[in-house]
Every structure is written in structure tokens, then in C-alpha cells.
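**Q** Listed here are the chains, written in short residue letters.
4 protein chains.
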Amino acid sequence: MLIVMEAGATTEQVAGVCDEISRMGLTAHPIPGALRTAIGVTGNKSQVDADKILSLVGVRDIIHVTQPYKLVSRDFYPENTVVDVGGVKIGGTEFVVMAGPCSVESRDQCMIIAETIAKFGGKIFRAGAFKPRTSPYSFQGLGEDGLKILAEVRTRFGLKIVTEAVDTETLPMVADYADIIQIGARNMQNYSLLKKAGKTTRPVLLKRGMAATLEEFLMAAEYILAEGNRQVILCERGVRTFADHTRNTLDLSAVPFVKRISHLPIVCDPSHGTGKRAKVIPLSRASIAVGADGLLVEVHHDPAKAWSDGPQSITLDMFGELMNTMRLIAPVVGRTCV
Amino acid sequence: MLIVMEAGATTEQVAGVCDEISRMGLTAHPIPGALRTAIGVTGNKSQVDADKILSLVGVRDIIHVTQPYKLVSRDFYPENTVVDVGGVKIGGTEFVVMAGPCSVESRDQCMIIAETIAKFGGKIFRAGAFKPRTSPYSFQGLGEDGLKILAEVRTRFGLKIVTEAVDTETLPMVADYADIIQIGARNMQNYSLLKKAGKTTRPVLLKRGMAATLEEFLMAAEYILAEGNRQVILCERGVRTFADHTRNTLDLSAVPFVKRISHLPIVCDPSHGTGKRAKVIPLSRASIAVGADGLLVEVHHDPAKAWSDGPQSITLDMFGELMNTMRLIAPVVGRTCV
Amino acid sequence: MLIVMEAGATTEQVAGVCDEISRMGLTAHPIPGALRTAIGVTGNKSQVDADKILSLVGVRDIIHVTQPYKLVSRDFYPENTVVDVGGVKIGGTEFVVMAGPCSVESRDQCMIIAETIAKFGGKIFRAGAFKPRTSPYSFQGLGEDGLKILAEVRTRFGLKIVTEAVDTETLPMVADYADIIQIGARNMQNYSLLKKAGKTTRPVLLKRGMAATLEEFLMAAEYILAEGNRQVILCERGVRTFADHTRNTLDLSAVPFVKRISHLPIVCDPSHGTGKRAKVIPLSRASIAVGADGLLVEVHHDPAKAWSDGPQSITLDMFGELMNTMRLIAPVVGRTCV
Amino acid sequence: MLIVMEAGATTEQVAGVCDEISRMGLTAHPIPGALRTAIGVTGNKSQVDADKILSLVGVRDIIHVTQPYKLVSRDFYPENTVVDVGGVKIGGTEFVVMAGPCSVESRDQCMIIAETIAKFGGKIFRAGAFKPRTSPYSFQGLGEDGLKILAEVRTRFGLKIVTEAVDTETLPMVADYADIIQIGARNMQNYSLLKKAGKTTRPVLLKRGMAATLEEFLMAAEYILAEGNRQVILCERGVRTFADHTRNTLDLSAVPFVKRISHLPIVCDPSHGTGKRAKVIPLSRASIAVGADGLLVEVHHDPAKAWSDGPQSITLDMFGELMNTMRLIAPVVGRTCV
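Top line first, the protein sequences correspond to chains A, B, C and D. For the first sequence, the working numbering assigns the number 1 to the initial residue and increments by one for each residue that follows. For the second sequence, the working numbering assigns the number 1 to the initial residue and increments by one for each residue that follows. For the third sequence, the working numbering assigns the number 1 to the initial residue and increments by one for each residue that follows. For the fourth sequence, the working numbering assigns the number 1 to the initial residue and increments by one for each residue that follows.
Rather than coming from a laboratory, the hints here were simulated on the basis of the structure. Treat the hints with care, since some could be wrong.
Remember, identical chains collapse to one label, so a pair may be satisfied in a single copy or spanning two.
[Said to hold, decoys possible] Dumping the calculated DSSO-like pairs for lysine-lysine here, alpha-carbon to alpha-carbon at most 30 Å:
no.	residue 1	residue 2
1	70	148
2	195	148
3	195	305
4	52	148
5	119	195
6	119	70
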């Protein structure tokens, strides 16, 4: 940690800060500069309370040299984490496609879509039984009835199931039915939900919040790992910017950054990342090319009749095209995609 | 609602969309343009499923003419809602200051701070007993012990209490002790929490999410009103932008916009809005001047020793100065501030 | 165009707006709704002055149905524009790599780098002789001496030259030496510069401004085309967001959007788009995969000694790796890359 | 300056960086930490080339302790700069209102508006004779004819004139007619224009770019001061964010920040900052309350007929109301407003 003093800080103020540092059991290294003094701090094995130091007289700013995350960091686990979802491995060489409708609407709808997904090589079926919706008047999901349909999809097509848990009350039920518990962007900093997911033994797919820095994203994952669950899959799904041509701005640079800092796998969601059906395939190509471990993509057999997210859902035919494209690009970037 | 067709949409496609509109029980009004056709839709008393229309062949975009919120809108309740917190009225002519430390740290800390707040004319005491923290390793709050201290503050100084509920499990306990239930920015779209707060009879202070549009902010409030609780106070606390000189960018234009669209009161939080102690008073002046109904401000008797948010907490003396300033500006903008 | 009236607009106000529309030589189509009235406007072959309508009493908002750009639009030129730079074609099937140092530093530096670029298959050499720098105390470029070095690069290695013009005074000189005139992100709305570039016969590479919407980006290009120069190459180079892990956020979704709306070619700049050397190759892969027509990339033989942008410049070896990767991906996405 | 090494940096790499620092004539102070080593650098009286250091092997990041601006900094000129515009003083105790239409449209229009502005106590008349417009097909200003009208306004009503220079060609002409040269947000990093303005003897009003950090804003001002012209007035006019209820997000926190760091005066532009007429007065109140030195505001006698920016122009009556409000608030915040 580096402490930056105000330009006009007195010698006494600098000494006062150094004393406080010593009282914390740390060592202070004053570095006088042309305009101001900086103070290097060493020995901070545990978390130092930056706010306390910032409040000392004469202190202008502090600069963190080490990052706040631990368990999610490659400094702690240098090897890639490969999340094993009943044999489907995410974070290894295989590029894994998770696909399905935004919402479970009916048994028939799921069976039609799941059949195609399985046929074209998707490994994991996605669909929401609990839906977080901006409006209280919008369809909120079929609940446990939806989860039962998903369980049937698994039995019938051998697809694994990823579905969202929206609160701590229903998380145990979701964990009973699902192979992967999804935590949505709006809940990325719902710490009670993260902790509860961390206490399960299910893999968790954690989506980046709309305004989350990578540090906040990784700290949210840290909440899950801190509870003992290391099976976390990160998901870049676009962030909110001034740009108005897409629903969100898919931040593909997050992929190589996360992979350098963290051992956790990361997948991309080009459906939410763009909000437009016609842009899903181009951004899927970009996602595999940039180094993502997989995709989360919305597919519907009749998007015009989808109960939610129809405009960003691709058709069954487009899904076939998507899988073909992924299979072509995968070997070029050192991946397999069956 | 207006439907915009693609430039190359055929006559058949336009007719197809008009048919679909009719099937929904609505009326279509085609408006041929130089380059493309638009279709006006009338009769939509209830919510139309925009996603379905967007998925029809030839449709490029749809444009909503009416807003999605209802109960929060002035179109439904033209008069200002005045939230009555045991005699302290928010949303009327009085400018109400809610102040206190970020976290309840100890009985002594709260008593020292509360005494000063009461002395200088603050009406509501704020402090967190449950703290949502970015890091799982940071102090998470004293829990029920903290709530008991807050109850003692109320008894001893006559201050009303606002404190945050972070999950549905602890919300009933918070509602038992608090006069106002705070829902934080990170939980603005935690719909289970919003619904549960909407089922209580306590006023709710709802903070704007870091990347929330005003429409999303008002829709989150709509969740609370839709459950029967109309006592909602909105809080602008800064949004996330590229600007790096403040922790967040306080969006003061939100105040006059919200007041035009909605009947709900809105207060500002210049502490989170800036993240810097020295900027709290200037932005408080701007908040009352722009038309806010009150402030939510962090105060600490010894910010250098605060367990959280020390750098943005003002001192007891500064709080006195703040209140004096508010009293000077209030009459100029048609307010009282006792 | 659609005019949205206020909820409380009177019949007289609606009539007043319709009258004004008629006076403009247009036709008004009132569409009464449950809460408010909308007025469709047709006949607007030429640009309507939206601001005038917005200022009429009772008008809440107007919504444009047609886009403001003309010459850049596919509606006017349906076929892809292929910019021919002395035989190097940008916007056709070939994926074209433009590479070189940020600044022309010396003859030797340029020759060393250019030799490698030519060897590995780069077609266009990029380097700045005039540099727009945030600080007035930073190196501002070698000026005409730099341009002469670039001319020698062309002669010696057969590479075409792209280099930035920073003002109208030096633009003619740049046009004399360069094959492509670059207009930088900071100057995207420097309309005098755009017009002057539009009056030359040189192809122009126009970079997207840091906070430019796609509409503004295309309108800036429209300035060039409106002066008679249709040889414009667009360049996505990242936009400014709250995300702090990259210098800018590369908005790859811009590529398929621009290609749908406009006939102009678009290339990506992963060097400025990320600001980090190690992220240039992953984002280059994503750029070709998403559908870009080429790359603009910073290369230096000794980045540690580069006078500007060293941290984002890739080494000569990395450039070789980059070209190999592009060659592998190109055929998969229907491109060639020699 | 602080250099942060990679977690895995070797002792040799640390030594290599220290050697390089010495070669630059500076002193290195290694600070070994738990996870990584930091290196404090002292002696950097002149600008150090950060990019070179960042490119050394093992270096992860560098952190600047001193800011890059000099002449604009309070460290160099501790006292407030008061810009004297022919007797109207900006940056002193007086709160100065600059008002007028977006564009000079005609002699009559300017005279009508100027008369009211003078009557209500405005001191400076604003209106554009050269207009930077997003579309090449929009009205681009009356040019010198407009400037002549402005000169007449000065003679007739005793108002000082602020008007925009959009390029280096027309800047001398603008400087001949105007009392203050305005440089617009789109040109904030048009360095040729800044330098040319810095060579004049006219005060310069510099608007913040739509995506400019405060550091970039102050560095743009540094360009003007570095040429010898210290008479710079800064202008906060809103930045671009995801928020869609205003044209821009007025960042009022910029005012107290700029005033702490810099000696230059700063005014606010609530017209561009909100883009909506009804929000201009509330945000003007907030601007004076937050500590701004003045306002730049658009006024039109008939906004419905304004050639540009009608929707954000206030009427003559509203201008009277605005001035009355400013006069009420001014003494409360230690200002005068005649």
C-alpha cells in the first residue's frame, strides 16, 4: 500500500501517519517527493483498513498495491479450475455451449427446443423458472413447475440444466433440480444469495453486474468461494454504457483479463450482451475467438411468441448455424467443440 | 405504441403485423413514410407484450409512448405523497435531514453522534446494523445488537431510525426496530426483497442502483407499491460513470425529473454520491437547491476511526455547519428546515 | 416522425401541433391513446426541424423513425464500398492489417519495424508524424520529417501509408505524403477537419470518438462523404466506460451494426481498444471473428523504448504470431488474409 | 511515482528496474511487500516517461503521485484567478450570468433577447456565429455576419460577448469581435485550436468534453496557459453516461473538485447539461449552490422558432425568474449577483 500525502502536509503530519502505521503492526517507508511525500507500507499480510488511514490529517489518497481478492486469484490457485458438471467440463479445452429459452413457458416448448439443442451439440440447457423482471406486472416464471420440466429435459435429452435462483428462499429448491445454479446480473451483489450458493455443493454460474468492475465481479465470486464452494463459472453479459445501439455493451476484454488474474472459467452471453438476434452469432464468434470457455445463449423455436426476450433469441436453425461456426473456429484457437 | 418497420418491409409484412395487432385486441394505424412504414397502435389499456411484436418479420423497432409504471406515476396520484414517519413528514414543505454513521459500531459511538445530530436539528438517525460489503472479509455489521442500539437512540433522543435490510430473512427484524426500512443500491433490483418490503407497513427508503435508469428506479419502487405499501422515499446516491474524481457521479437532474413524473418524495445522499468528506457540504447545498426533499448523510465523531466509509463521513462540527447552511437556503427555495 | 403529446395536452394543443405540421408541408396523423395522444408525421422527405416541434405547447417528445444519415447509409448505396488504396482493397474479402509504431521516432526505427511488417504480410504501415497528446509537454511528433520517413517506407517496402492529420493547416501536407489520411478519435467531431478531408481525393480512416454513439460516428463520416469523398474507412477503437481494467472498452458489437446500416468498411484498433500489449492478440482474434474488415495495430521493435504508447505496442515477434493467427481464422469467417 | 512489480517478478527484474531509474537520473526505493515489490521513485522534477517504465520486464503498473498539470494547478498559483472581461470579473465574489440564444439567427432576434438579458442583469451575451453541428445538413451559423450582430449587441446594451471559435482559420476573426472566445466540448482536445487560443490575449471559455476526466479537462486548459494566456474560464456542461432522461449528466461535483485543484474559475451550463427547458432553473440553483462562479444559459424569445437548441432554451420570462432566484441564493453562499 502507498499513502500519498497532501502537497502541504507538514513533517508532523507525515510522522503522525507513520506512527499510526506502526500501531497497526506495519512498517512505514516515507518517500519524500518534489511536491509531496508518499509513504510505502509493508507487512500487510492481512487486510488493512484503508478508510482509517484515509481519514488521518494530511493524507490525500491511498493506493493499493495488492488486490483484495484471495481465493479467486491465480496467486492462490495457479492452475485453471475446471468445473465438472456431471461429466461436462467447463474451463478445460472443450468450448461448452449452454442454450435454451429465456423462460420455461411450457413442457412442449422446452422439449422442442431441448431436442434441437441436443441434436446440434449443446451440452447444457438454460431456461428460467424464476424470472427477475423489471416490471412487477411481467411474467415472473413458472416456479417449481418449471423446474420439474427442466428435470424432465435432463432425463430425456441428457442435457445438464442451468437455471437462475433469484432469492435465498427458493435457492435450495433450484439447487435440488439444477446442475448449475445461475445468479443473475441484478443479484451479483446480493451477498446473502451468494453466501447461500456458496454453502451448496452445486456449481454456480455468476453473471457480471451491469456496472460491476472486474474487481467487484471477482469479489462477488470470492463470497461464494469463501463459503467453501470453488465450482464457480463467471459470465460476461455486457455492461451499461452510453452506447445505445445495443441493450448492453459486451466487454470481451474481460475474458483475457479474468483468465490472467483468476483460475475460474468464464463464458459469454451474447444474447443479453447485444439484445438483438442478428448480432448473437457475430458476437459468439468473437467470444470463442477472444478465449471464452463457453457461451450462454438464448434459443427459441418461435421467438415471435416467446414470453420474454424474444428479440434476442435465435431460432433453432440459427442455433445449428452457431454450433457449426463454433466447431470451425474452436480448433483454430486451441479448443474442441463436439 | 409505435411500430417501426424495416426500410425494405413488404406490404405483406406490414399487413401481417397489423393482423397480429388486431388479434391482440388492439387497433393498428399504418403510417407510410418516405423510407419506411410506421404503425401506430391504440387501445393498449393493459400492458402489451413488446417482445412479441419485435419478433414479427419486418419489424425493426418499437417505441413506447406510455411509460410502464403506474402506481408511482403522477398520472395516477397527482398530489405529492408525504411520508409520515411518526410525525416527521418527508415530501412536504419541510426539508428533512437523515444523518448518522455508516455502521453501528458501538452503543457509545451511536449515542455521541446521535446527541449531536439531535442538537443540530437532524430528525432521523441513519446507521447500518446489516452491511452489504464488497469484500466477504470486511465487517458485516452488528446485526440485531446494532438494531437494539438504534432503538435506544430513538428512545433517548427522539430521532426516528432508518436502517438497511439486506435480505428477506432479516427484513422482518429490521422492520420491527426501524421507522424506515432502507433498501440499498445493490439491492434495487432484488425483487424478492422489494416485495417483502412492500408487504410491511413501514416506510421504505429505496436507493437508486448504480446503473439504473430513472425508469428502472421507478419500476423498482412500483414493486413496493404494487404490494400495497405506498410509503416509499426515493434516494439519488450517484451513478457509475467514467469520471474518476468521485466515487460515483451524483445525478442531481434526477430530482426534478422524478418530481415531475412521480408523486413520491426524493432525497439525496451526497456522502455516497461523492465519496469525499470535503465535497459533502457543497453537494448538500446543491441538493436542497435542486429541489430534493431531504438528505441522507454520513456523520462520525471520529472519521479516522470509523469502521466503514470514514473518508466520506463528515465530522460533528461539519454537521453543524451543514445544518446551518440548509437553514439558510431552505426559505430561498420555498422550504422549511427547523 | 412521431410526436408524443403530454398526458394532459388539450384538444386545442393537439390541433395546434397538427396545424404547424401542415404549415411545414407535411401531413399529421393523430393517434389518440389511453393516456396521451401521439401524432404521426409523414411526407418528411427532407430534414424536419425537430427542435421547433419540440418547443410547441403540449409536446412531450418526438421520435425519429428515419435515421439522419444519408450518403453513408446502405439505403443509398446497398453494395459494400471497397476502398482501393493503390491496389490494397479494404472492405472486400481480404482482411487487411495496418501496423506500425505509434509515432515516427526515427528513420531506423521505422525501417526496422516496417521490414518485419512487410515480411509477415502487413499491407499498410501506420505511424504518427503529428501526434495529438493529452499533455502539452509530451512529444508532439516529428512533423514533415516524419512524413518523409514514411514516404521512404513506402518506396522501400511497398507498404501503403496511413498517418494522422491533426489540423486543417497540416492536412494538405499529410495528404501529399500519405495513402490514407487518419482522423483521430479526439477529432471525430472536428467538422472543419472532416470537411477538408472530404475535399481531398485520399481515402480517410475515421476513428470513433470516445463517447460517440454509432449515429454520431456515421454522421461524422457523412461530413466527409458530403464533400464528395466516398473513400472512408471507419475504425472502432474503444469507448469510455466505468470499466477500469482497460484503457477503453472495445465495442465489437459496433462492427455488425455498422455493416448492416452502412456500406463503409470498418476496422478495429485493439491497441487503443485495450491499452495493454497482452490483450492485443486476443482482441484481434475477436475483431476478425466478429466481422471487421481489418486491424490497426501498434507494433514496436523495442516497446520499452517507445516514445509513446509503449505499453500497448506488441513486439515484432508478437506481430508474426498475430498474422499467423489471422491467417488461420480468416478462411473460417469467409475472408482471405495473405 | 510508484512502480508496482508483478507478483512473480524476480530479484533480477527488480534490480533491472532500479538500474533504469538510476539511468534516468532518479532515485529508486524498493519496498518489498507480502505478494509483490513496489518501487518508490523520487527526484522526478521533470516529467518522467511512464510508458518506458511500464514496458520494462516484470513491471505491472505505475502509479503517479503528482499530477501532470502545472500552470493550471493551485500548487503553482495558490490564489483564485479572476478573469477580467472589460470590467466583468469572473472568479471573484460576483456570480456572473452569461446568456443568449444558441445561434445568432438575425439582428432582430439578438436585439430582442439581449435587451431582456441586460434588463434582468445578465452581464455577458452568448450566441454562436459558427456552429459545430452533428449533421452536415444542419444550419452551420451566420459566420462573420453573425459576429457583426454580436458587436452591435455589445455597443447597444453594454453586454460583453462570448462566442465559439470552431477552427483555427476563423479563430482570429472570432477573437477580433468577441470578448471571450468559447471552445466547445467537441473541440476540447483539438490541440491546434487550444494553442491558437493560447496565443491570443482574449479570455477563453473552455467547455469540458463529453467523456473528459477532470485531469484531461485541466490538461486541455494547460495547453492554453502554456502558450501564455492565463485568462481561462472552465465550463462544466454535462458528461455522457447511460442515463437517458437528460441529454447529458451535469456533473456538479466537478465544481468543488476543480476549485480545490486549480485556481481557474468554473461556470456551469445547465442548458446543455440537461437538454430540457424545464430543468434549467433547478440545475441553475444547484450550480450556484455548489459553488460555481457563473452560468452559461440558453435563452430565446421564441424557443419554438429557434434554429437550434430550442427545447433547452428558456424563455425571456424564465430568464427573469432565473435571475431573481440567483439573486436570492447568492448571498446565502457568499456571493453577489447584481
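**Q** Checking each numbered hint in turn, tell me which of them this model violates, lowest number first.
**A** 1, 5 and 6
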